[in-house]
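*Asks:* Residue strings, one per chain:
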Amino acid sequence: MTGTARRRRRRAATARAGPPILLVVPAVLAVGFLAIPLLGLLGQTPWRNLAAELATPKVQTALRLSLVCSLGAVAISILLGVPLAFLLARVEFPGRNLVRALTTLPMVLPPVVGGVALLLAFGRRGLAGQWLDRAFGITLPFTTAGAILAEAFVAMPFLVITTEAGLRAMDRRFEDAATTLGAGRWTTFRRVTLPLIAPSLGAGVALCWARALGEFGATITFAGNLPGTTQTMPLAVYLALENDLQAAIALSLVLLVVSLAVLIGLRDRWFPTA
Amino acid sequence: MLRSWIRSAVVLLVAAMLAAACGSDDQPSAGSSTSTEIKVFAAASLTAAFNELGPQFTAANGGTKVIFNFAGSQALATQIQQGAPADVFASADTTNMDKVKDLVGTPQVFASNQLQIVVEKGNPKGVKGLDDLASGELMVVVPAPEVPAGRYAQQALDQAGIIVKPVSQEDNVKEVVTKVGLGEADAGIVYTTDVTAGGDTVDGVDIPADQNVTATYPIATVKASSNQAKAQAFMDLVLSSQGQQVLESYGFLPPPTS
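These protein sequences, in sequence, are chains A and B.
So for the first sequence, our numbering puts the first residue at 1; every next one is plus one.
So for the second sequence, our numbering puts the first residue at 275; every next one is plus one.
Simulated from the structure, these hints should not be mistaken for laboratory data.
Please note that the accuracy of each hint is not assured.
[Said to hold, decoys possible] Straight-line distance between alpha carbons at most 16 Å, and here's what the computed EDC-like set of lysine to aspartate or glutamate pairs gives:
| hint | chain 1 | residue 1 | chain 2 | residue 2 |
| --- | --- | --- | --- | --- |
| 1 | B | K448 | B | D477 |
| 2 | A | K58 | B | E420 |
| 3 | B | K399 | B | D477 |
| 4 | B | K402 | B | D480 |
| 5 | B | K373 | A | E242 |
| 6 | B | K395 | B | D477 |
[Said to hold, decoys possible] Derived CB-CB ranges, DEER-like:
| hint | chain 1 | residue 1 | chain 2 | residue 2 | range |
| --- | --- | --- | --- | --- | --- |
| 7 | B | K402 | A | L87 | 26 to 32 Å |
| 8 | A | V113 | B | K439 | 28 to 34 Å |
| 9 | B | G357 | A | P83 | 53 to 59 Å |
| 10 | B | G435 | A | L50 | 23 to 29 Å |
| 11 | B | D405 | A | L39 | 50 to 56 Å |
| 12 | A | A52 | B | G357 | 30 to 36 Å |
| 13 | B | G435 | A | Q246 | 45 to 51 Å |
| 14 | A | A128 | B | G337 | 36 to 42 Å |
On a predicted model such as this, the values are computed, not experimentally measured, just so you know.
Yeah, the Cβ is synthetic: ideal placement off N, Cα and C, and Gly gets one too.
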C-alpha cells in the first residue's frame, strides 16, 4: 500500500525534526478544552449510587423511549434517505444542488428552529398537519411519532451525505462488469453495490443514530415533554438539571458511554492507523 | 460540490457571527468602571416589567445603567452561589431566595403572581375552570414538575382534587403559552403574567382563590456587591408605588398581606 508507506515516511520525517511548538501548544490546549468537561462530568458522577440512579423507573422509561425513537428515526432515514443519496449521487437532474443544500440544511440549522418549523408544518394547525388532522385524524405534536419525526429531521442528513459520498467514491466498473455478466439491477445492487458501500452506509447509520439519540431542541419544541411518550434521554437530562443534579449526571453518563461506543465502532473508518 | 457548498456556508456563518459580534460594541466592556452600572439578576417572568423599570432607574440615578440577567430563579441562585457579580437578586419564589440567604441582605416581597388557565384567543373550547381540564377531551399542557410553575400547577390541581393527564410537561411557562397560542394545545396552566405577556394570541380563565396558588417574589441586595447604595436604590424603586404600578401593568399582584 503506497498510502501507508507514504504515511510512514512522513511520520519518520516529523520524528526527526520534532513537532513544531507552534502546533503543539494550541493542540494541547484544544485537547484540554475538549477533555476537561468530560473529566468534570466523570468527577461528579455518583459512582456509588449510579446503579440505583439508572434503575429508577424515570431513567428506565427515558432510556427505553430514547431507543425506540432513535431506532425509528434511523429506520425512516434508511427508507427515505438512502434512495435520496442514490439519486443525488447517480442521477443528473435540474436543481440537484438545491436539493442537496436543502437536505443538508438541518445539519446547520439550530435544532430549536427545526422544531418550530416542524410545528408550523406538521402541527395541528400546520401547513401539512391540518390536512393530516382532517383527512386521517392524525396529530403529531405530543406523540412518540412526533418525537421520531423530529429526530429523523435532524439526523437523516448525516446518513444521506455519508452514503452519497460512499457512492461517489465507489468504482462503478464493478457494477458495469456485473451487468455485462448478466446480473439484473437488483442482483447488481445486492451483490455488488451494497457490499462496496457498506462501510459508508454503516458509518452513516451510526452517525445518524447517534445524532438522533442526542436530539434535544427539535424534539422538545415539536413533540413536547412527557415521560414515557416524548421525554427522551436528553430531555430527561435537561429537566433533571432543574432539581436533581445526581440523576442528570447519571443520565449524561449513559449518553456519554453510547457516544464513545459509536466512536469506537467507527474508529477503523476515522482513525485507520490507530 | 457538496464540500464547496459546506465550505461557503461555513464562511458565511463565521462572517455573520463576526459582524454580529462587532455590531454589539455599544455594550460596556468588561474593563469599564463598575460604579456606573449595577447588575440585577431577575426571574425570567419579570423580564418585561423590569425592562421597563431599567430606563426609569437610569434616569433617576444620574445615568447609572442597569444590566439585567434574566433566567430561571434556580439558575440565578446557583450563579450567585458560584460568585457571579450580582448587585440585586429578584427571585420568583422564596425557596431560591432562601438558598442564598447568607449571601444577600434582608429580602422583601415586592410582588405576587397567581395561576391562570391559558386558552386560545376567544376560548373556543369554552373552558370555565380546572374541572374542564380533567375531561380528557382537551389537549392540556402544563409546566414540568421540575420547574416552580409546574410545582404550583400540581399543587393547585391537588387542592382541587383534579387529575389531569397532560399531553406535555413543557420546560418553561412561555412554551406552554406558545403551544396554546399556536393552537397545538387547547389549554394550559401558567402564571397570570404569562397570559398578559402572551398578547393577543391567548386569553386567560381565572382559577378561583380556593384552588389557586400564590407565588411570592422576594428581592434583596447581594452582600458582595461593590455598589450597595445603587443596589438599594434599585430595590427601593421596585418597592415604590412607581415600581408597583409598572409591575401591576404586567399583571403582577401586590405582595400578599399577611
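*Asks:* Does each hint fit the structure? Answer for all of them.
*Replies:* Quick rundown of the hints versus the structure:
1. K448(B) x D477(B): Satisfied, since the Cα-Cα distance of roughly 14 Å is no more than 16 Å.
2. K58(A) x E420(B): With a Cα-Cα distance of about 13 Å, the restraint between K58(A) and E420(B) holds, given a limit of 16 Å.
3. K399(B) x D477(B): It holds: about 12 Å lies between the C-alpha atoms, which stays within 16 Å.
4. K402(B) x D480(B): Roughly 8 Å between the alpha carbons, so the hint for K402(B) and D480(B) holds.
5. K373(B) x E242(A): Measuring from Cα to Cα gives roughly 14 Å; hence the hint holds.
6. K395(B) x D477(B): holds (5 Å)
7. K402(B) x L87(A): 26 to 32 Å: violated (55 Å)
8. V113(A) x K439(B): 28 to 34 Å: Holds: the Cβ-Cβ distance is about 30 Å, inside 28 to 34 Å.
9. G357(B) x P83(A): 53 to 59 Å: At 55 Å between Cβs, range holds.
10. G435(B) x L50(A): 23 to 29 Å: violated (39 Å)
11. D405(B) x L39(A): 50 to 56 Å: The hinted range 50 to 56 Å holds for D405(B) and L39(A), with Cβ atoms some 52 Å apart.
12. A52(A) x G357(B): 30 to 36 Å: holds (32 Å)
13. G435(B) x Q246(A): 45 to 51 Å: Since the Cβ atoms of G435(B) and Q246(A) sit about 33 Å apart, the hinted range of 45 to 51 Å is violated.
14. A128(A) x G337(B): 36 to 42 Å: Since the Cβ atoms of A128(A) and G337(B) sit about 53 Å apart, the hinted range of 36 to 42 Å is violated.
Consistency with the previously given hints fails for numbers 7, 10, 13, 14, ordered from lowest to highest.
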